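Enquirer: Protein chains in written order, with our numbering: chain V, 1 to 113; chain Y, 1001 to 1111.
Bear in mind the hints are in silico, worked out from the structure with no lab data behind them.
Every value quoted in this text rests on a predicted model; they were computed, and no experiment measured them.
Take these hints with a grain of salt, some might be off.
[Stated by the list, open to error] Below are the DMTMM-like pairs computed for lysine to aspartate or glutamate, each with C-alpha atoms no more than 25 Å apart in a straight line:
hint	chain 1	residue 1	chain 2	residue 2
1	Y	K1081	Y	D1052
2	V	K13	V	E82
3	V	K57	Y	D1005
4	Y	K1110	Y	D1052
5	Y	K1068	Y	E1014
6	V	K13	Y	E1056
As a plain string of letters, each chain reads:
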Amino acid sequence: KAGVTQTPRYLIKTRGQQVTLSCSPISGHRSVSWYQQTPGQGLQFLFEYFSETQRNKGNFPGRFSGRQFSNSRSEMNVSTLELGDSALYLCASSRGPGEDTQYFGPGTRLTVL
Amino acid sequence: GQNIDQPTEMTATEGAIVQINCTYQTSGFNGLFWYQQHAGEAPTFLSYNVLDGLEEKGRFSSFLSRSKGYSYLLLKELQMKDSASYLCAVRVTTGGFKTIFGAGTRLFVKA
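Pulled out of the complex, with its shape left as it was, chain V reads as follows (with noise of 0.2 Å):
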């Protein structure tokens, strides 16, 4: 079975500019869940998605948003990016909310300049 994939890897970008990431959670996994990783933060929860709801929100601007699709792929957005968005981008997959295993993609490396 296919893991969960995340495009693209790697993304520079300059302030004030926007980006969409995607997500492909696992095959059968309807709940898509979205992660910034900082060195200093360390993983911050950013929302949740099941059946093209978002279900619960973390605590960041309105600048982060996402949306999941019918088949279950995601894609978050930041606009008007500012330094301190550069951090890896983690998306989760899970069956369903609540559900004991999450699994993790790869990441989007995102460096704002």
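Position chain Y relative to chain V; hints supplied.
Expert: Just chain Y now, kept in the frame of chain V:
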């Protein structure tokens, strides 16, 4: 608020046993996870505890005490490849399901 504490770094010797502790203060506890993350890679699932007690899986064991808000990950027969960060994470059900991660413990295994 929700808080998870674990040591920042630990060093141990190949072949030895190491215990990584995690304490948490959360509301709506719904399970505790341990993940391993090698540098530059994604976290990989190690263990899950929702009831008190010890869960053993090969060289890795995880313990949970819900009343004390405490867990530990025990790694036996350490190998060099166990050098990684170990993330303690708690799933909570306040306002829907959410997983909160600790900052991670970086483990260095020396020969």
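Enquirer: Determine which of the earlier numbered hints do not hold for this structure and return their numbers in increasing order.
Expert: 1, 4, 5, 6
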